[in-house]
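Assemble the complex: chain A is given as a structure, and chain B must be docked to it using the hints.
Residue strings, one per chain:
Protein chains: 2
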Amino acid sequence: MIRLDINKEDLSKEELQALEDAFKRCARRIILATTLAGSGHPGGSLSSLSMLLVIYGIAKVDPKNPRAENRDRIVISHGHISPGVYSVLCEYGFFPEEPFLMEFRRAGSAFAGHVEQAVPGVEWNTGNLGQGLSAACGMAKAIKLKGLNNKVFCLMGDGEQQKGQVIEARRWAVKFGLDNLIVLIDYNKLQIGGDISKVMPQKIKEEILATAWNVIEIDGHNYSEIFKALKKVLNKEVESPENPTAILAHTTMGKGISFMENDPKWHGMALPEDLAKKALEELGFDPKELDILKEKRKNWIISFPHQPHDPLPVKIEIPEPTIYSSETKTDCRSAYGNALAKLAEKNNLPGKPPKILGLTCDLESSVKMGGFKKISPSAFFESGIQEHHTASVSGALSKEGFLVFFSTFGVFAIDEVYNQMRLNSLNKTALKVVSTHLGADVGEDGPTHQCIDYLGILFNLPDFEIYIPADPNQTDHIIRFIAKRPGNIFVGMGRSKVPIITKEDNTPYFDENYKFVPGKADWIRKGNKGVIITYGTMCHYALSAWEILKNKGIEVSLLNVASIKPFPEDDLLEASKFKNIVVVEDHYVETGLGNKIASFFALKEKFVKLKLLGLKGPLSSGSPKELFKLSGLNPENIAKTMEELINA
Amino acid sequence: MIRLDINKEDLSKEELQALEDAFKRCARRIILATTLAGSGHPGGSLSSLSMLLVIYGIAKVDPKNPRAENRDRIVISHGHISPGVYSVLCEYGFFPEEPFLMEFRRAGSAFAGHVEQAVPGVEWNTGNLGQGLSAACGMAKAIKLKGLNNKVFCLMGDGEQQKGQVIEARRWAVKFGLDNLIVLIDYNKLQIGGDISKVMPQKIKEEILATAWNVIEIDGHNYSEIFKALKKVLNKEVESPENPTAILAHTTMGKGISFMENDPKWHGMALPEDLAKKALEELGFDPKELDILKEKRKNWIISFPHQPHDPLPVKIEIPEPTIYSSETKTDCRSAYGNALAKLAEKNNLPGKPPKILGLTCDLESSVKMGGFKKISPSAFFESGIQEHHTASVSGALSKEGFLVFFSTFGVFAIDEVYNQMRLNSLNKTALKVVSTHLGADVGEDGPTHQCIDYLGILFNLPDFEIYIPADPNQTDHIIRFIAKRPGNIFVGMGRSKVPIITKEDNTPYFDENYKFVPGKADWIRKGNKGVIITYGTMCHYALSAWEILKNKGIEVSLLNVASIKPFPEDDLLEASKFKNIVVVEDHYVETGLGNKIASFFALKEKFVKLKLLGLKGPLSSGSPKELFKLSGLNPENIAKTMEELINA
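So the protein lines, in turn, are chains A and B.
Using our numbering, the letters of the first sequence map in sequence onto residues 689 to 1336.
Using our numbering, the letters of the second sequence map in sequence onto residues 689 to 1336.
Don't take each hint at face value.
If chains are identical, the list can't say which one is meant, so a pair holds when it fits in one copy or spans any two.
Claimed, not checked - Straight-line alpha carbon distances no greater than 20 Å define the calculated SDA-like cross-link-like pairs of lysine to any residue that follow:
#1 K1294 / A1336
#2 K863 / N837
#3 K1265 / F1295
#4 K1062 / E1033
Read the hints as simulated data drawn from the structure, not as lab findings.
So here's chain A without its partners, still in its complex pose (with noise of 0.2 Å):
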């Protein structure tokens, strides 16, 4: 295993030798898996192995402990290139080659067509382009919240440069004072569409350098240039060492193979095999191994499997609960800001590194973030209206052994940003997400910020839980329930006061003796002639609807159901003995718990009469109360629609 020397000068005779030895390896490697599973990206695995062999001889990285705390962490955010990665991932003795070779690509295997952190000495699923180097700012930001002196090297496409999402990490970058990032980009000037500069023209230098990053020019297949420009950077002899830097490194595509070289149509295709054949000669290796291991990989069982590589734990004090009086008219949100600084009180110390972190995007007041700022203003993340790098800079964050917590309104924490959700989730990140501003209500700001599908679009999340709180004693409840809950977590509000739900008793429903269990509903009032089933900011619509029955005498339930996900599926077999359901959501109708609930019974063949009221659609501007009227969320037509029902 080559180890690098940044003391010294520069590389010796013998070092040069041995790194252009391991090329040859790596890019044989590169080769034959390609072709063995007749698919892949060979052309920027080519072009990136020479900086892959350097990154990993410098970085602090333990083959026999890769997921060491006090490890250097290495990105590649251009995840095509796998095959590049896992061949030096071999060199440096992470895993032995022939899994590798045999299972690139197989179902079953880790080792996927786009690297994924289920490998060992990968940190991050990337794929999607543009979301590595946000995810590399979150390592960089967790590291020196640590007090530790590890560095993240991001290794990028040229052609990913494109993405938006990149700008909003340098910007992030230089904000936090990450001068512990050091990104490569691997600047082939091809991406599948051809030259860059006719795909998409850019002077990616000047966009860099507009960023108060500094820019190190190099040929990145010149192992001096390239151990001199890390060494410069790791010795802080950059212009400006308190930003970050990027090494912008020209390369060749499909470098190392005469034919090869310079041609986009090997950016994401396996060589035939008669290429690849020629390609291993080329490299000085038998052309035959080709065959031989063609044979093997038929009868090859997979056994190399997806490892484990959960987020680092983080132990939280939970604070004592918040009981807000029956008589309190306050929102959601300010329960979940209190709660939150209740937490950070108890667990983000004097003199310590903080446990919990906030982010939010230009919206610090409206999310009720500000307490939580105040009593940890360094654990504290203002990001910018840049939603997409803050989506996944949290997840990283996260699985770094933070309780994060990343809060925006609901259009911008869900719909901008799901597949940064997605990714953190493939990523298996332990974000929480506390979302405000939900549904129709979102004061009068219109159809733009009404976001109407937040369920419709979570449920697309296998492992996203769900809560949704239906007032600030459930919210504080919630808040401090998911502190020590582990995983990706959802909880949503809506932006208005509501009143506290009360027991018939006009005692707070949720009160100290309450307890949040995912998977369970809240019988908020049981009445046997059918049941009206709702959630969040409806709860106490529907509590209303059900004061209008009861003084017709008609006694139903009223079941809240504030955890969505997980399903509460007894209470809701429960539900379906009352035969009569009318399911109540400020939300899409189409999308909704109601939908959900209609396909649960059909599939657990309970046959109901069931009725939704919801959001027919994107709304005007307008008040909530308004609006619920307009959409028939209103208490008199929530009793009548059930009232109708029984009658039927």
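The following block gives chain B in isolation, referenced to the frame of chain A:
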């Protein structure tokens, strides 16, 4: 109404006075509208006001004919300054002031909290920052394609420069020569969170220059400077007249009201009544007007609903169908590419503006747009790895009298740009999104590239129709069908070659006599023991299952649902009669068609035995066939599931 002549050297004294007077009248409206509504964004409205007045004074717009095709376009990207925009539109006679003052931010009115294209004089709904410039690019390009000489003025906030999509748009504007695009940035240095240099440090000018735009810096409240800067651009007296220009206008938030100036509080908050009265006095108006209008507002009935603003029509000639014989082995992608090329041949005629446009993001050959590009190079837009911008610009182009196809992989066409599509939807565009690489049928690229949620996501957009063809023949039918269909439509397909779906006599099912009808499904086979319902890639797997069952003497029906939305209600009610139903889909099972069908049956009180076969979540890399088998989507398991259901 002020008309300013850019052939004059400078503004006259009278013009300056007229603008100053107009400023006061508009400021009055801004204060009144926001305070009466009790919410809104007065601060930025005032900082943009001087510019708005000059732009509308110069632009070729006609309040009597606000949708004239040869108008200049004025796009307001920071949509929250709606009070400023509506005030200026009143000033210029687009509508009287009373409905605006009475209805601002009220349910049912067009005068929404963020600008909406339903208001005469407004071109595009914004409010989610960073999308307006992309829309403006679409309009500027449309103008050029039609050979018109109009300009597009795009007014933006300074905070929104942080959004990554903005730099994507800037590059696109340069690549496609948008010298008719002029951006004005309201550089008031404040955003909700305060000083922009603290919220997110950014060198706006340097970033813009790095994308090769012209930049002119001015005082954004000095009418003469605004006038001369615009004159300079319109007269091509900038450094690179072939490129777009940004006017960086230094302004003051809350301009004109002493106690509002430079106070970020008034970004998003209306003045309380006492301060509003003080402001009116400062402006020289009678403060008592507020009370009078407040009274009047109480009993005001909404009089100004959303005005129609339909996409311009485009007349398309439909080519003859291409029929792929039963022996053909090709993929739906290629059938799409062929159909698109034939459409181009018939409609994009030499020497005339193209009628059909195609956009992709560095995936031309994967999405098979090569044929189209060859026939119509000037109608093809390689937009780089910039999906957010491309989704928005495609939407804007589709509103301008072109038939626009946007094609890329599912994860990029849906997951990555859902919010851009949501805004397109609100803008009532007529975009055709044709996406390849859906489901697990993406080759061996792995989970980051598996779009297993396309229905779950798209179901949230009420207007989007969704068509998923089962084979190349149905693809051809659908593509030719949507070429004449208004509105937003999604067509999706996998990557792999699929067999031609045939009748029992082995001739193509979707032959020349087949007619694709939205909301109708295809009874591929009839049998009365049960129904297999499927679509897309899975159709031929289901057909194989049907054969297995047939060979066992079990006769079931096979229903192909290519028209997912509109939902084929009648066919599904028919299917419910067969009692045993298995839905088979290459989609996450929780959010796909099966879930929709289950919900439909429950709500229609059709009580059937229903089993859903689909994906349980993201899969590993692997060949689609392997992955389907692992997910129980192989013909044998489909047949077994149906048999068990029948025997249950």
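Hints versus structure:
no.: 1; hint: K1294 / A1336; in the structure: both (18 Å within a copy, 17 Å between copies)
no.: 2; hint: K863 / N837; in the structure: within (19 Å within a copy, 43 Å between copies)
no.: 3; hint: K1265 / F1295; in the structure: both (9 Å within a copy, 16 Å between copies)
no.: 4; hint: K1062 / E1033; in the structure: within (10 Å within a copy, 64 Å between copies)
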